[in-house]
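> The residues making up each chain are set out below.
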Amino acid sequence: MDVSHQQSQATQGDVNQQYLTFIMGPEEYGVEILSVQEIRGWQKTTAIPNAPEYVKGVINLRGNVVPIIDLRQRFGLTELSYGPTTVVIVVKVKLEKNSKIIGIVVDAVSDVIIVDDKNLRPTPDFGLDTDVRFIKGLTSLSDKMVIILDVHKLLGNEVLPSAQQLSNIIEQLEIPSA
Amino acid sequence: MDIDLSQFSQVFFEESLEGLSKMESELLAIDIDNFDQESINTIFRAAHSIKGGSATFGFTEVANFTHLLETLLDEIREHIRPMKPQHVEMLLASVDVIRNMIDALMKDQACNDPALAPLMKQFEQALALGSNNTVSAKIATSTEPQSSENTAAPDTTCSVTELDPNLVLWQIDFSAGEDILRCGNDPIYMFTELAELGQLKVTLKDIAYPDVDEYEAEICYLQWQLLLLTDTAISRIKEVFEWVESECDIQFNQLERNAKNDALFVSPFDAKAREEANKPVSEDTLVHKDAPTSHLTESQSAPAPCDGFDMSSALAEAFEQQNQPSHQASTIEQITSKTADEPAEQSNKVEDNETLASNTSVLSTVNEQPNTATVTRTHSRSTDTNQSSIRVNIEKVDQLINMVGELVITQAMLGQIGQQETINQETLISLRLGLEQLASHTRELQENVMQIRMMPISFAFNRFPRLVHDISLQLGKKVDLVLSGEETELDKTVMEKIVDPLVHLVRNSLDHGIELPEKRRAQGKPETGTITLNAFHRGGNIIIEIIDDGGGLNTDKILSIARKKGLVADNEHLSTEEIHQLIFKPGFSTADNVSGLSGRGVGMDVVKRNITELNGDINLVSTPDKGSHMTIRLPLTLAILDGQLVRVGDHVYVVPLMSIHESLQVAKRQINDLGKDQQGHRQEVIHLREEFIPIVKVFEQFNHQADAPDIEKGIVMIVDCNNKKVGLLVDELLSQQQVVIKNLEVNYTKTPGISGATILGNGEVALIIDVISLTHLSGIGHHKEHAA
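Residue numbers (this note's numbering), protein chains in the order written: chain A, 1 to 178; chain B, 1001 to 1788.
Among the hints, a few may not be true.
What the hints assert, rightly or not - Restricting the straight-line Cα-Cα distance to at most 30 Å, the calculated cross-link-like pairs of lysine-lysine (BS3-like) are:
1) A/Lys44 to B/Lys1750
2) B/Lys1750 to A/Lys92
3) A/Lys97 to B/Lys1492
4) A/Lys44 to B/Lys1713
5) A/Lys153 to B/Lys1107
6) B/Lys1725 to B/Lys1668
7) B/Lys1724 to B/Lys1676
8) B/Lys1742 to A/Lys100
9) A/Lys100 to B/Lys1676
10) B/Lys1107 to A/Lys92
11) B/Lys1497 to A/Lys94
12) B/Lys1742 to A/Lys44
13) B/Lys1668 to A/Lys100
14) A/Lys144 to A/Lys92
15) B/Lys1742 to A/Lys97
16) B/Lys1713 to B/Lys1676
To be verified - What the simulated footprint calls covered on chain A by chain B, stretch by stretch (three residues with Cβ under 8 Å from a Cβ of chain B suffice, anywhere in the stretch; the number is not a length):
17) 26-35
18) 64-74
Quick caveat, the hints were computed from the structure, so don't treat them as lab data.
Because the structure is a prediction, the values reported are computed rather than measured.
Quick reminder that beta carbons are idealized off the backbone N, C-alpha and C, glycines included.
Only chain A is shown next, with the shape it has when bound in the complex:
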């Protein structure tokens, strides 16, 4: 990623999108920067009874009650203990009628990248039984692959693949990049 390259892409206009990338396990993921509200450190949450395991609870975000979701657990990765470097990305998820503010716990925030829509490769087909709409596409940065997530579908959608299915998908994604 050199700077001049970034700028030349930026001048091309509307097809360019900025993405915030973050690291989780071996993979790098990206989310639309416009949906990101803020990035904050981990803080103690209030557990919600009978919630799925990946819902860590709710926090008080300046008077708003915001749920925190561990994306690691959501993606079926092994759980990490939270430390001072654990990062919560607060995103605004647009739904049909309204929008929700949700915090996602990731390992670390990495970079802001600009990706031309042309360079966004479509998600490989995993067969009909798995819904992969939450992945907007794949892009490669130098020799690394970034999975661009669609947060609106990922967090807004109630019927998502199970954590196990997700972890399989992530594993399979490795193949095209290799």
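Following the hints, position chain B against chain A.
Just chain B now, with coordinates in the frame of chain A:
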């Protein structure tokens, strides 16, 4: 000049709806034979402001329709037309239609109320009928363009045939400066003012006008010759032009009074005009007259007999082209543009034997609101129609400002203490004092802010007179509605949610409760039944009572239906009170005939559910042949709750204080074990003062680790769950405090057992327990329902 009017349209909607409710309540209060002039005035004013507002915002449909209403009301007001019962019904129906129109506008939908067209026709017929010609002449609608022909302006009302010889005739040659409109001056206003000084003839001079192509809308190209017959001094006349003197060319000449000149003021039409003069002309149905065709031609060629208040024929022509009953939405630019174009088209136009009326209110609106209808519409489309707003008494706002002032002072005082290097006994005392003040101010502020959300319950009650009026008519029953405690205030959100249940209950009372007059007479009751709606505050609650003196609930019938529907087992015996509770069961209806009003079996259960959702409850007491008495209890506000903080393991929860009966430690001997349920949870009841109370172990339901899994080691809170007692097992009672309720569903989903969240003093979130849903979660409520 482009002002975005759409930002105000929300205010217009609110005001209109308010106006409609006012109209409705006044209409219902009217006694046909002996009505109060003031109430007609009130209705008229409401209709008038809706008309004015809708015209301003370009809602022509509403304006046109309201105009008809207003015309009728005006005639009634002026005693030209007697008030008849069908008028009241028509007006009531039109209130509904206008309300639908406004609803549609708020939602940005096209309004196509099927009732509109027939109702409009009805109005037009009513207006055309039964009165003399002068009345029908007043109706300025597109369907009767001719009718307005003879209407005159007030200044022609004096006797014109015998012109006062003392009057002086002035000829004023007035060439408006090109920029006159841009400066916000309008010749129309000047002419109107002149017309008030005496008799005025306005003639548009026949000069060279620019071609249509070169023509600029904002430039005034016009020149007029004005003839004014007046006794006013010239200085006063000049005053009218004071503001435009510098930019316009104005010449004043005194003309000789002779027969020829006088003849200008005595046109054949003046005779008619004089007849009309006796007819009351309302302030805004005043229609100004346009010259009939022949005169139009004359007026162009030479200063010829023209009529009393001829603005300019071109202006009227402009109105005519629009060919709409009212033209409030047109802009002054449009009018002037037409005016300037006009001479070119004049030859064709004169053939049109059409005259047109418009009213003076049009003229004023036009100039003040130079936005066209289309502009307003497009803007309003982008505004969020879901936004609701509150109209707040200015006094309440002032109180808040005061309070904030106090808060600032306290803050300054505390800040001063904080700056001090050392803290000694003295500063400590003032620190405490400051904190105390802060606490009291915060509380006061909080109460006052809550006050803003409070609205008198009359907002909900006001619809009932109409409802009762309509339904009792439909059912052939005689019913009096008594409202009391209308000034009782409650939260706007609660109000919005309670309206529908209330409507349901009142309808039920009308339909099932109050008997037909014959039956009532047979029972020795007055023919007219009474339904009372009463509201008052008790504790932190508002109580709403619905009382009727009808037949009461028929317990035998309820029971037999419940048995038939399988809601109650055949061998089961129920107390009267329990039978009454059956009507709140889903799918239950006792009505013999399913009517449009009630009886489809939805209703009471929905009522009950809605009220429970608001943290309230409903009680019913019924005496056969005496009537029934329903009591609804609701919390004053949904935003703040008195809560008991409890600890379950590491987790802190809030339990609404309102629902707690008592909290106690239970001895082992009081506990009865009922075995395990499907989930493997031990079901236990405690024996407390002759009662068996089921226990819900909160830690079990929420999957937490508790300090004390055994009932005797923890604390049992006896809470109220749908009028049944349930014990919640918690580890520890913490403090009691007021908590601000935050919605958990905004960013998350609905969670069983939890009604919301709040933020504690330390900034952490605590969840609020929903007792009813938690009991359901545990399965206890479920069993109870079977038992009932």
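> Each of the hints needs a verdict: does it hold here or not?
Against the structure, the hints come out as follows:
1. A/Lys44 to B/Lys1750: Given pair A/Lys44, B/Lys1750 holds - Cα atoms ~22 Å apart, limit 30 Å.
2. B/Lys1750 to A/Lys92: Holds - the C-alpha atoms of A/Lys92 and B/Lys1750 are around 19 Å apart, at most 30 Å.
3. A/Lys97 to B/Lys1492: holds (23 Å)
4. A/Lys44 to B/Lys1713: The hint holds at about 29 Å.
5. A/Lys153 to B/Lys1107: holds (29 Å)
6. B/Lys1725 to B/Lys1668: Since the Cα atoms of B/Lys1725 and B/Lys1668 sit roughly 19 Å apart, the hinted pair holds (cutoff 30 Å).
7. B/Lys1724 to B/Lys1676: holds (22 Å)
8. B/Lys1742 to A/Lys100: holds (14 Å)
9. A/Lys100 to B/Lys1676: Answer violated: A/Lys100 to B/Lys1676 is near 40 Å, above 30 Å.
10. B/Lys1107 to A/Lys92: Holds, at roughly 27 Å.
11. B/Lys1497 to A/Lys94: holds (27 Å)
12. B/Lys1742 to A/Lys44: Answer holds: B/Lys1742 to A/Lys44 is near 19 Å, not above 30 Å.
13. B/Lys1668 to A/Lys100: violated (47 Å)
14. A/Lys144 to A/Lys92: holds (27 Å)
15. B/Lys1742 to A/Lys97: Between B/Lys1742 and A/Lys97 the Cα gap is close to 20 Å, so the pair holds against 30 Å.
16. B/Lys1713 to B/Lys1676: With Cα atoms ~20 Å apart, B/Lys1713 and B/Lys1676 stay inside 30 Å; holds.
17. 26-35: Three-residue rule not met by the stretch 26-35 of chain A, so violated; n is 0.
18. 64-74: holds (count 4)
Of the numbered hints stated above, those contradicted by the structure are hints 9, 13, 17, listed in ascending order.
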